[in-house]
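**Q** Sequence:
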Amino acid sequence: MAAPVPCTEDRGAEQDGGVRSSGDGTGWRHTERVGQDGGVRKGGTYGKMAAPGAGRGGASGGSRGAGKRRRRMEDGERLLPKGFPKLKNDTFLRAARGEETEHTPVWCMRQAGRYLPEFRETRAAQDFFATCRSPKLCCELTLQPLRRFPLDAAIIFSDILVVPQALGMEVVMVPGKGPTFTEPIKEVEDLLKLRQKVDVAAELGYVFQAITLTRHSLEGKVPLIGFSGAPWTLMSYMIEGGGSTTMAKAKSWLYRHPEASHRLLRLLADVVTDYLVGQVAAGAQALQVFESHAGHLGPEQFEDFALPYIRNIARAVKSKLKEEALPLVPMIIFAKDAHYALRDLANAGYEVVGLDWTIRPQEARATAGTWLSPASAPRTTTHLLPPCCSAQTGKDVTLQGNLDPCALYAPKEKIGELVKKMLEGFGTQRYIANLGHGLYPDMNPEHVGAFVEAVHAHSRHINKHS
Numbered sequence: 001m002a003a004p005v006p007c008t009e010d011r012g013a014e015q016d017g018g019v020r021s022s023g024d025g026t027g028w029r030h031t032e033r034v035g036q037d038g039g040v041r042k043g044g045t046y047g048k049m050a051a052p053g054a055g056r057g058g059a060s061g062g063s064r065g066a067g068k069r070r071r072r073m074e075d076g077e078r079l080l081p082k083g084f085p086k087l088k089n090d091t092f093l094r095a096a097r098g099e100e101t102e103h104t105p106v107w108c109m110r111q112a113g114r115y116l117p118e119f120r121e122t123r124a125a126q127d128f129f130a131t132c133r134s135p136k137l138c139c140e141l142t143l144q145p146l147r148r149f150p151l152d153a154a155i156i157f158s159d160i161l162v163v164p165q166a167l168g169m170e171v172v173m174v175p176g177k178g179p180t181f182t183e184p185i186k187e188v189e190d191l192l193k194l195r196q197k198v199d200v201a202a203e204l205g206y207v208f209q210a211i212t213l214t215r216h217s218l219e220g221k222v223p224l225i226g227f228s229g230a231p232w233t234l235m236s237y238m239i240e241g242g243g244s245t246t247m248a249k250a251k252s253w254l255y256r257h258p259e260a261s262h263r264l265l266r267l268l269a270d271v272v273t274d275y276l277v278g279q280v281a282a283g284a285q286a287l288q289v290f291e292s293h294a295g296h297l298g299p300e301q302f303e304d305f306a307l308p309y310i311r312n313i314a315r316a317v318k319s320k321l322k323e324e325a326l327p328l329v330p331m332i333i334f335a336k337d338a339h340y341a342l343r344d345l346a347n348a349g350y351e352v353v354g355l356d357w358t359i360r361p362q363e364a365r366a367t368a369g370t371w372l373s374p375a376s377a378p379r380t381t382t383h384l385l386p387p388c389c390s391a392q393t394g395k396d397v398t399l400q401g402n403l404d405p406c407a408l409y410a411p412k413e414k415i416g417e418l419v420k421k422m423l424e425g426f427g428t429q430r431y432i433a434n435l436g437h438g439l440y441p442d443m444n445p446e447h448v449g450a451f452v453e454a455v456h457a458h459s460r461h462i463n464k465h466s
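Each step along the sequence shown adds one to the number in this note's numbering, with nothing skipped, and position 87 is 87.
Please note that a few of the clues may not be correct.
[To be verified] Dumping the calculated EDC-like pairs for lysine to aspartate or glutamate here, alpha-carbon to alpha-carbon at most 20 Å:
(1) K464 <-> E446
(2) K420 <-> E363
(3) K186 <-> D199
(4) K322 <-> D270
(5) K249 <-> E323
(6) K464 <-> E183
(7) K421 <-> E363
(8) K412 <-> D396
(9) K414 <-> E446
(10) K421 <-> D442
(11) K320 <-> D304
Derived from the structure by calculation, the hints contain no laboratory data.
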């Protein structure tokens, strides 16, 4: 994911204009993708992958069923989203649902990323979005951190900007600048250029294939998380044409073109809903929605242009999952810098609320009428606040976060101390440890490992002595 963190990892560029598919009688569908330049890119086999069980923390590859699955992948057969291996570590899912856990589960946003030398080696041969469209490569990149660290969840390698691509927009990677839209939305009339009805299976089927392949390849080691950007964050990229420190162009739309803004946000919410449901159908066991640009909005704009669509997505996804007899997977909302809206987010229909590092654990956890005392006061001290205080999530949602990513630049011993303090603030139950943002490319993998191990060790110790 490139900063600011809306996606899982790094970014690159390429845009497909459409998909043609044909079957070969084996269950695998060969595809030809038509690019913007009219050229055709063919695909149809996943090819041979490195054994998922390689290295520390990797999934065991010794079972007969796992061997058969690998041989089928090596033969180029598309695996179906059924018959998945039994889940061996459900700690993350139990914590997300508010059930008791023996230790606090931990995963990292951007855990598959450039800080890993094997990631850089795998990604060296082609650009980012070409990688995103390769189920084999997405699977490999998703598995890499699991081979190194005893993480409690995997998150599929992809990017939030595949959704604007599905709407017909082109994104390229500009060296030193990052993802750039070749034709950003400028005028209200430009909305007519977007696909008004998106067949997510046709436009984003490569993500679904990657999820299915990865779910099988994980061999039940840990759950697999799917994700999408939230409508406001996606809209801001589509109008700004890339990253921005102010989001002035996108925010001006909210003031100058409120009706057109809502029209675009509704379109995005509909696509995101279908996209997330498709991910569950493909095998995702949890979903995270990234509202990475929430901090650019004030409370009123967030309430008008972000929160309603965050709520609608949760409601619509769960309704469609029921209609299609799919698993009701836990959903996570991560709205960066939206501490003014924590109460609203806690009541938005998500099982988990992700937090950035700018809020104290006790403030986020506070129930109605209490708050964290000033930093100089003892940690056990609380003071009454009016019930209208918004910095409250209460006890009915699981919290996720929120160590400052830069803390991983500290010595390993200090990382352990910071993790211990974080766990004491959040408590070890109804809690998923994570960073308050994604991992940075220059971080030492050993320090990431120290973070993961410290969460497990300290949470087990606290649970044992509580």
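**Q** Look at each hint and say if it fits the structure.
**A** Evaluation of the provided hints:
1. K464 <-> E446: Cα-Cα ~27 Å, so violated.
2. K420 <-> E363: With a Cα-Cα distance of about 17 Å, the restraint between K420 and E363 holds, given a limit of 20 Å.
3. K186 <-> D199: violated, 25 Å
4. K322 <-> D270: holds, 17 Å
5. K249 <-> E323: Given that 20 Å is the threshold and the Cα spacing comes to 39 Å, the pair is violated.
6. K464 <-> E183: violated, 57 Å
7. K421 <-> E363: Distance of about 14 Å is within 20 Å: holds.
8. K412 <-> D396: Judged against 20 Å, a Cα distance of about 34 Å means the pair is violated.
9. K414 <-> E446: holds, 13 Å
10. K421 <-> D442: violated, 25 Å
11. K320 <-> D304: violated, 25 Å
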